[in-house]
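Asker: One letter stands for each residue in the lines below.
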Amino acid sequence: MSEAKENVVEVLASLMEDYAWAIDRDELEQWPNFFEEQCLYKITTADNEEQGYPFGVLYADSRGMLADRVKSLREANIYEGQRYRHVVGRPKVFSSDGAVVSAETSFLVVRTMRTGEMLLFATGVYRDVVSFRGPKALFVERVVVCDSSRIDTLLALPL
Amino acid sequence: MSEAKENVVEVLASLMEDYAWAIDRDELEQWPNFFEEQCLYKITTADNEEQGYPFGVLYADSRGMLADRVKSLREANIYEGQRYRHVVGRPKVFSSDGAVVSAETSFLVVRTMRTGEMLLFATGVYRDVVSFRGPKALFVERVVVCDSSRIDTLLALPL
Amino acid sequence: MSEAKENVVEVLASLMEDYAWAIDRDELEQWPNFFEEQCLYKITTADNEEQGYPFGVLYADSRGMLADRVKSLREANIYEGQRYRHVVGRPKVFSSDGAVVSAETSFLVVRTMRTGEMLLFATGVYRDVVSFRGPKALFVERVVVCDSSRIDTLLALPL
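Protein chains in written order, with my numbering: chain A, 15 to 173; chain B, 15 to 173; chain C, 15 to 173.
Worth flagging that the hints you see were computed from the coordinates, not collected in a lab. Incorrect hints may appear among the rest.
[Stated by the list, open to error] Dumping the calculated DMTMM-like pairs for lysine to aspartate or glutamate here, alpha-carbon to alpha-carbon at most 20 Å:
1) C:K106 with A:E24
2) C:K150 with C:E41
3) C:K106 with A:E41
4) B:K106 with A:E24
Note that the structure is predicted; figures quoted are calculated from it, not measured.
Chain A with its partners taken away, still in its complex shape (with noise of 0.2 Å):
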């Protein structure tokens, strides 16, 4: 592997834990700074995405709306009764040009209620595009294919 390939998987990699860090310590609210101004985030499934369906579980398209969700997911409390833990597998670069890069990566989401109650809450991948033009790497694309087709209305937390 060359030395730039490397790095650039390095950067990704701290990408990629720093954005689950961030969602696992229930700092939600540094979520949308991972994002440019003008962003996609996406979830949606292996199926959806197969039958090519573009509409996913939840869409936003600017750093606002992430911030705007958030707000949402604050009012309504729904964070607090559980917590989240990432583990995600090395980033896979598809292509890169210096400044912008497509990757993907594996995750693995388990969600621990208050309860003492631990479910393995969702596998998958993140198909990303990543900017690597300002002084810190952001998604300009963020969307996050979920294995299973059964999907919890509580995923309109942050995958």
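Position chains B and C relative to chain A; hints supplied.
Answerer: Then chains B and C, alone, in the frame of chain A:
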């Protein structure tokens, strides 16, 4: 850690991810291409290994046998109703002479049925011998040691 | 990312994997050797931490106490009937002065009983202080913060 060893770990980590990717994306036909022409692929259990039983759940000693296995799986349509998601750990190198590397890597596999049901399917360790002789790192041996002795017949699918 | 920081992450990632390995392979006697002579090892829960309760489920402040724990586990044969499988994330470094590093790492543990039954046993985060002073990186502190407050007494086994 020396730079050379770090690089071996990087190449192995990339190989592990690519291998898992081929299976998780249902690109099964790619699976035999991760192995050398003459190779060993075996699925077994930790109990079997401890008791020194040589036989496993699945055994193949050539790329051709692996290709045959893929063909059977396709004909039986076993793969249609499910998806796999691998999460693999960081490879641990036990020996390396530059050309051939022995390493072990933890894994966890979640199976998702088309009905949406998710199951923690298997955990264990890959015991690998990898050749670095050619332009691409290839498995000379891949022994999949499952932690659980209760093995689903569906384990006939590659792990 | 600077080269120095990347190297710290690499050494930490290797330490995390070796630690998990010793437990997952039932090489429990190696476990105390990952710690400094005077150390802190504690298992606690996220709820405990948030409410500022100082006590945890398990507490040890020297390598000798950890060795005693291993001895008790062996005598009670608690370990015989089960296996662990750790999957750990990428370490996140919070501070480093070259000699001592503070880092956190997500983890997930699956427990497999000899009957073959698999259980998602624990998820959480390792809060570590690691010394780089000696020839080998060692834990000065390892606080295991479990996401779930429902803790099995079997948690007396190392995590």
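Asker: Run through the hints listed earlier and report the numbers of any the structure violates, in increasing order.
Answerer: none
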